[in-house]
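> In the UniProt record's numbering, the protein residues as written are 1 to 348.
Bear in mind the hints are in silico, worked out from the structure with no lab data behind them. Check the hints yourself; a few may be wrong.
As the list claims (entries may be wrong) - Listed next, the in silico BS3-like pairs over lysine-lysine satisfying Cα-Cα at most 30 Å (straight line):
#	residue 1	residue 2
1	K80	K147
2	K102	K177
3	K123	K102
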Amino acid sequence: MKLNIFKQIDYKPKEITALCSTDTHIYIFRSNKSCEIIDSVTLQSISYINTGYVIIKSLIYKNSIICISELDELLWINIKNFSIETNKIGYKILDFILYGDKILLTTFNGFIIELKEKELNIKYKTSVLLSCIVQYDDVFLVGAQNKILIFDNNFKLKNEIEIQEGLIKKITYFKDKKFGLVTDTGYFIFLDISLLNIIQKIQIRNSSLNVLLYNSDTFYTSGEDSRLICYKLINNIFVKGYQIDLHYGISNCILLDHKRIFVGNSDGMLSILIPCKDKFTYTKIYDRSVCASTSKDLLLVNNRTHLDLFNLKEENVKLKNKSNKNEKNQLSNLCTFKLLKILRKIFP
1 MKLNIFKQID YKPKEITALC STDTHIYIFR SNKSCEIIDS VTLQSISYIN TGYVIIKSLI
61 YKNSIICISE LDELLWINIK NFSIETNKIG YKILDFILYG DKILLTTFNG FIIELKEKEL
121 NIKYKTSVLL SCIVQYDDVF LVGAQNKILI FDNNFKLKNE IEIQEGLIKK ITYFKDKKFG
181 LVTDTGYFIF LDISLLNIIQ KIQIRNSSLN VLLYNSDTFY TSGEDSRLIC YKLINNIFVK
241 GYQIDLHYGI SNCILLDHKR IFVGNSDGML SILIPCKDKF TYTKIYDRSV CASTSKDLLL
301 VNNRTHLDLF NLKEENVKLK NKSNKNEKNQ LSNLCTFKLL KILRKIFP
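Start from the sequences and build out the full structure, keeping to the hints where you can.
Written as structure tokens, this is what we have:
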């Protein structure tokens, strides 16, 4: 009788919700409140930490990762010892940026809040639905429903630009006081804030575009239909380049690291792409979280890259994993047997 080694294994890869990087490491946040740390060069997994929160955005600041949760917490994760500090804001946070020694946040109820030394100061209030925030030189741009709000460095509202294409999901600085933005109706808009005019408007998709990345006169965007598409700047106008379809879910985050583009998706996969002439070369990283199950005679440990099989009937338990024969990585018989007895209770 053949053994169905996948029997009882019911593990859905966890959604990637945020990404950030240093020169040496990539930090992958997932919806199960975990953070996987991988080597930036080899892409091998180094460690896991449990943050205790679902992280929706993260960035590196000195020796910390500053994150926002899906609710109202701001987190500081020390990347040396992985200690975590939290600050409860009291409002659902949508986006944030660093500005000197301050943090600026946009919230669901229309507030723009400044946080300095853990003291909150509401800088602006509006009844308009806000979304993202970006800063360049002495100007702040805040995305909203059908408009962009432009503030000076004292956070006085200077101008508004009407776009009438839905909620702005992401604003990115391009160059020469020109910005790009994407909306929840699938539009890309290229604008010049010094002239307060829209240079170009393109409907790329019929569904929401969530991420936008600019590099070397090319922008990359993706969203609900998961396809990553690039447009190239030619004579001050963006022209469609090429696209690739790698995922099955919604693109949540994008990151540029060492000339590679990392895209995190709700299907649990991280795609790593290198732009080449008229195409992408790519690889994928799957959710490598360990899960386990049992059959009548075997304990199965799914490590994503390989499957470990333990014989439950023998007291002298033997690891039958062909992918790793190094004895230093084998569990001791006594510890393994105790572990199996515990897991057998968990997975009857």
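> Determine for every hint whether it applies to the structure shown.
Evaluation of the provided hints:
{"no.": "1", "hint": "K80 x K147", "result": "41 Å, violated"}
{"no.": "2", "hint": "K102 x K177", "result": "23 Å, holds"}
{"no.": "3", "hint": "K123 x K102", "result": "12 Å, holds"}
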